[in-house]
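Under the UniProt record's numbering, the sequence shown has 316 at position 316, and the numbering climbs by one with no breaks.
By construction, these hints were calculated from the structure, which means they are not laboratory data.
In this text, all values refer to a predicted model and were calculated from it rather than measured experimentally.
The beta carbon of each residue, even a glycine, is placed where N, CA and C say it ideally should be.
Take the hints with a grain of salt, since some may be wrong.
As the list claims (entries may be wrong) - Pairwise CB distance ranges (calculated):
#, residue 1, residue 2, range
1, Leu117, Val156, 27 to 35 Å
2, Val156, His249, 44 to 52 Å
3, Val156, Met269, 50 to 58 Å
4, Tyr81, Ser154, 14 to 22 Å
5, Gln287, Leu262, 23 to 31 Å
6, Leu262, Ala17, 23 to 31 Å
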Amino acid sequence: MKLSILDQLTVPKNQSASDTLQEAKELAQLAEKLGYTRIWYAEHHGSDAFASATPEILVAHIASATEKIRVGAGGVMTMHYAPFKVAETFKTLAALYPDRIDLGMGRSPGGSPLTTLALNNGQPPQLDQFDKLPEILLFLREEFPEDHLYSKISAVPREVLLPQPWLLGASKESARSAGEYGINFSFAQFIHGHLPKEVLSAYYKHFRPVTEQQEPQVSAAYFTFAADTKEEAEYHAASFEHYIFATEHGLPNKFLSPEEALAFPYSEMDKLVLEQNKQRFVIGSSQEVAEFFHQQEELGLTEAMLITPGYDKQTRFQSFERLAKELL
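Kindly generate the complete structure, drawing on both the sequences and the hints.
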């Protein structure tokens, strides 16, 4: 199984955004050394808990600081941007770093209703803004019909090895769309809580290759934390469990230390919510987490994308090291 990373650039309470951005570079260099396939950067707007509002800038920065690992957006929230601009941005990145750039595309806003309004010049989003994927692909591939207005223009630079397109989603319908468009699919298990077999089946069944050589690719993204013991992993994961809880309940969402998170005065009802959220996490000893991914591989998954937020850099990096040792 391939291993990759989705770095959301969570900002711990005791750290600045600048420190988090520096840590992102160090993680990418470590991931390359360990044999991870790709590293992606999320798009989150208007939240002090994340330092990843502009994944395309991070892609350029990280690609320049590494040599061979694939680097991409996971993903660009396309509803906010003109398809032509997205295509030119990522074709430029692909020209700078040939055969290393991924363009992951999502259909969610990546922020609150107010940030969505601000990103759209104060206008509420229209329904047609939620699916710009077809037009982005037409600009990338230069496939507009001759009678289409946009057939007279090209997204530049031309004649470059195109970025690898991925659709991000959490449903069977998204998987089917990715297959029909002949692009790769990344399933958000960390949202869904499990990976339904019918999602993989829908993708493979409807996959239509763009070239004869193209093979379908599917990954799934998981909140993970691996440590020496399950108890230790659960201790470190408490920070992010609290962050998710705080975000969903409209509370201040600074990324707390494990001690602060565990000491938070949860009500009995809150504890039930926390317990329910645990299905979105893969937490345990290195061997336990590795066994989980072996089981996912038996379902047909070929690539796991790890999301490992952590308050402490050393223990976070060690989690990636442990799983690389077990699975690569």
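Status of the hints after comparison with the structure:
In this structure the hint that leucine 117 and valine 156 lie 27 to 35 Å apart at CB holds, the actual value being about 31 Å. For the pair valine 156 and histidine 249, the beta carbons lie near 46 Å from each other, so the given range of 44 to 52 Å is met. For the hinted restraint 50 to 58 Å between valine 156 and methionine 269, the CB-CB distance of approximately 55 Å keeps it satisfied. Taking the beta carbon of each, tyrosine 81 and serine 154 are about 18 Å apart, inside 14 to 22 Å as hinted.
Between glutamine 287 and leucine 262 the CB atoms are about 25 Å apart, so this pair conforms to the stated range of 23 to 31 Å. Restraint check, leucine 262 to alanine 17: a C-beta distance of roughly 25 Å satisfies the suggested window 23 to 31 Å.
In summary, this structure violates none of the numbered hints.
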